[in-house]
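There are 4 protein chains.
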Amino acid sequence: MTTSRLEAFSDGVFAIAITLLILDIKVPEVHHDLAHALWHQWPNYAAFLISFMVIGIMWVNHHAMLVPVARVDRPLLFLNLGLLLTVVVIPFPTSLFARYVRAGADSHVAAAVYGAVMLTAAIFFNTIWWWISRGPQLVHDHVDHVAARAQLRRFSIGIYVYAATILIAFISAPVALAMHFVIAVYYVVDRLATDSDGAPAAAP
Amino acid sequence: MTTSRLEAFSDGVFAIAITLLILDIKVPEVHHDLAHALWHQWPNYAAFLISFMVIGIMWVNHHAMLVPVARVDRPLLFLNLGLLLTVVVIPFPTSLFARYVRAGADSHVAAAVYGAVMLTAAIFFNTIWWWISRGPQLVHDHVDHVAARAQLRRFSIGIYVYAATILIAFISAPVALAMHFVIAVYYVVDRLATDSDGAPAAAP
Amino acid sequence: MTTSRLEAFSDGVFAIAITLLILDIKVPEVHHDLAHALWHQWPNYAAFLISFMVIGIMWVNHHAMLVPVARVDRPLLFLNLGLLLTVVVIPFPTSLFARYVRAGADSHVAAAVYGAVMLTAAIFFNTIWWWISRGPQLVHDHVDHVAARAQLRRFSIGIYVYAATILIAFISAPVALAMHFVIAVYYVVDRLATDSDGAPAAAP
Amino acid sequence: MTTSRLEAFSDGVFAIAITLLILDIKVPEVHHDLAHALWHQWPNYAAFLISFMVIGIMWVNHHAMLVPVARVDRPLLFLNLGLLLTVVVIPFPTSLFARYVRAGADSHVAAAVYGAVMLTAAIFFNTIWWWISRGPQLVHDHVDHVAARAQLRRFSIGIYVYAATILIAFISAPVALAMHFVIAVYYVVDRLATDSDGAPAAAP
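Residue numbers (the numbering used here), protein chains in the order written: chain A, 1 to 204; chain B, 1 to 204; chain C, 1 to 204; chain D, 1 to 204.
Calculated directly from the structure, the hints in this document are not laboratory data.
Check before you lean on any hint, since a few could be wrong.
Identical chains share a label here; the pair holds if one copy fits it or two copies do between them.
[What the hints assert, rightly or not] Here are the computed lysine to any residue pairs in the SDA-like style, where the Cα-Cα straight-line distance is at most 25 Å:
1. K26 with T3
2. K26 with F170
3. K26 with T120
4. K26 with G82
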């Protein structure tokens, strides 16, 4: 299998998951002061925006990660399905976070679940890159798989960062939400700066 | 990155967002006179039709805008994600507009939100075209980027028109809705007339 | 514009609309005798099946219709968007039909709306084929556009058949539903028999 | 028709169906102890996971099955639509299973419906492979259709296995659910072991 059908299917899943996020922003039912009711929904907009950025960055990284790949084997296929499972799940913790971020004790649970899903995505990204860069089997001839493997260390930072958001979640859910926003912005800026298409700068 | 995977992902998002619009047209629950109940839902049909036309025109323009593009860099990638964010959002203000267009004071808020989303889309279209046409870096060799840049002025009219719909929204929501319909029809006719594939006639 | 991006976008819309049909089949809420509750939902299964067949056949025909096309102009682009509008709408009358087919007087309205949407699709298919076959502008050099145009007559039968289902709707909604099923089966069998990829046998 | 547009449309349907599965995982409405409420939803997570794996494996197999195919005829087109019908349906029995797996007598009905949908998918996979391998008409010149046909026997095991899950469903729904999980894991491991792209190892 070449990467083209893998990319087409993955693009479809990314595109649908990112679009389904909007289904969680509901039209409020009020009889007066719609503006206030809309404002009151700010956690939904915040969660929507962050998850949109996260899936968007994942899509950009997913593409970058497949650039050096010449051949797709079965383990890569199923690792990719594992990553897509996490992507498909994202609308659920997004909705959960938006609903419970102002809910006292339950806010910690919601924020931790959100962080756990992001952590899972980061682990899958690392595992996929580890599998791709393990030797010359899957990559194009001109790709230096030793150099690619060396990127794993920088790559794995995402795992620690997302693990940290789970800890933060038990201190303050809004702070964890803000942290996810900062991480997403960091990845966008980082990607704009490096502009290297050969490998993902970091996960996700 | 070439334009092909960017287009594939964007097409997916456009196709899903345009199809999700139908989810806002609900089957009415009545015990007699279904015809009247269906008729009573006219704002939903109107909002669906206008948003369908808007997303459809955006898709046509998006394609036209990428025709001269030979290379995709990171800023273009993220500007495009910003535009897709607006496209994904559209089902929400559509639903909001349909629900509140007959709701007195709240109708103004709903209409203004709808206009604001369209304005955001127009701004993203302008920014993307400004980025593409800023020099010879991204376009094919045969493309005259100075001429392309000159189109920005005509292009930017959309920004003023959509800004105007926000002002109109505070006078009359149904008039703003009609205005969005007229703008959409104008763009369809304009595109049919020029039939130039080299650059979008106007945004969105 | 070549047909490839038009096809990709259309395929996306067809795929999403056909998949969204399942959202109308709800899990019944009962405390005993689930089997009976599931059986009681037969109109939903019937409407789902018929609409799935209709969209499936439309997708097959849409492909066949674009085989002779070499160039896509703006009118074709917007006619195609009109057809996609009808495709996107289909889940709504499907749901309406399923909900009201057993509802006495209202069943006629629901059946007529379903037939009207199918009639609209047939009209768009005819108009698109009329536009494609109007001369040598859009078709490949080896295509005989006069012969293609001659197929319009056979092609237009769909318009009369679907108009008839609207009349039948006012006599008996279940009969109209059965008629839509028979038409769909006819088109599948007809397509299997001719197996001609050069042009759609009939619309839709 | 070549396989490319068939694959594109099928990929779209697979991608959407697999993503829609998440819509059945709802945010619980509680005032305290969110963690417990989330835990209480385990049948939804289990059903989601199993159906995700099933659709994922079907997608991998669907690709493998089309590798030897050079030409698509109408019967293959409609057999494929029949398979896609089953794929589109999957979110419904998934939701049904999750809702009723703890519901006493009704759990048997829900589990049997789930098994029946999987059985239907297996039958379509077998029929499609039987049609592809019936002679040299559809396959590439270098493909040995006699050898391909010989794989049908191994291929058909899936039919018996899924038929067995329906019988098990009437003894214990949780056991049937576990059995579906084991089957999915078996197929993943089996695929990883053989890594043969020429033909699907088994259905689905």
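Now for the hints, and whether the structure bears them out:
1. K26 with T3: neither (38 Å within a copy, 34 Å between copies)
2. K26 with F170: between (28 Å within a copy, 23 Å between copies)
3. K26 with T120: Between copies only: 20 Å across chains, 28 Å inside a chain, cut-off 25 Å.
4. K26 with G82: between (30 Å within a copy, 21 Å between copies)
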